[in-house]
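Undergrad: Sequence:
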Amino acid sequence: MAPMDSAPGSDPPGEGRDPAASGRQDPLERALHAARALILADLEASDVARADIVSMVEESVTHRRWWVGQWPEGVAFVDGLVAQDVQDALLERYGRWPVCPVCVGSDLHALQVEPELGEDPHWICGKTSTVVARVGRLGTRL
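Note that the sequence shown covers residues 1 to 142 in the numbering used here.
Any given hint might turn out to be false.
What the hints assert, rightly or not - Pairwise CB distance ranges (calculated):
id	residue 1	residue 2	range
1	THR128	TRP67	28 to 34 angstroms
2	GLY69	LEU108	33 to 39 angstroms
3	ARG50	ASP26	19 to 25 angstroms
4	PRO27	GLY105	39 to 45 angstroms
If you're looking for bench data, these hints aren't it; they were derived computationally from the structure. Predicted model only: the values in this text are computed from it and were never measured. For glycine and all other residues, C-beta sits at the position ideal for the given N, C-alpha and C.
Let the sequences and hints guide you as you build the complete structure.
TA: What follows is the structure in structure tokens.
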């Protein structure tokens with residue numbers, strides 16, 4: 001058996017240990033994982049969860065990790081912000097997402113996230129002010 005440089009579990013905080021493996025995870029990481037899962041669920045519901053689009057989600061999560069580091073109180077707003085980030089990235093590359101299911105047959109438009117900066121974000125039709133679904137729950141409406 002080879003000698004060990006340090007005793008098991010003696011790594012400095014944040015190094016060499018996975019907080020999720022020990023049952024602990026910091027609130028920021030929990031919020032980011034939840035936001036990622038919600039947006040991926042909405043992408044799946046829209047049948048657009050391809051690898052390049054999932055990469056957009058990861059880019060947003062990375063950016064929002066930094067953002068919340070600058071403004072810790074903003075952790076409660078991460079779900080809606082990641083949804084908006086991905087929506088903006090998709091618009092630049094592919095077009096509107098998610099397309100409004102309320103105004104079928106009329107001028108195609110995307111749903112909006114409301115509140116733009118707030119807790120409990122929902123997808124809404126901006127033309128009719130109809131709440132379509134909570135972020136992460138588009139599968140129940142599409």
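Undergrad: Give a verdict on every hint.
TA: Going down the list of hints, with the structure as the test:
no.: 1; hint: THR128 x TRP67: 28 to 34 angstroms; verdict: holds (31 angstroms)
no.: 2; hint: GLY69 x LEU108: 33 to 39 angstroms; verdict: holds (37 angstroms)
no.: 3; hint: ARG50 x ASP26: 19 to 25 angstroms; verdict: violated (30 angstroms)
no.: 4; hint: PRO27 x GLY105: 39 to 45 angstroms; verdict: holds (44 angstroms)
Violated hint for the displayed structure: number 3, the only one.
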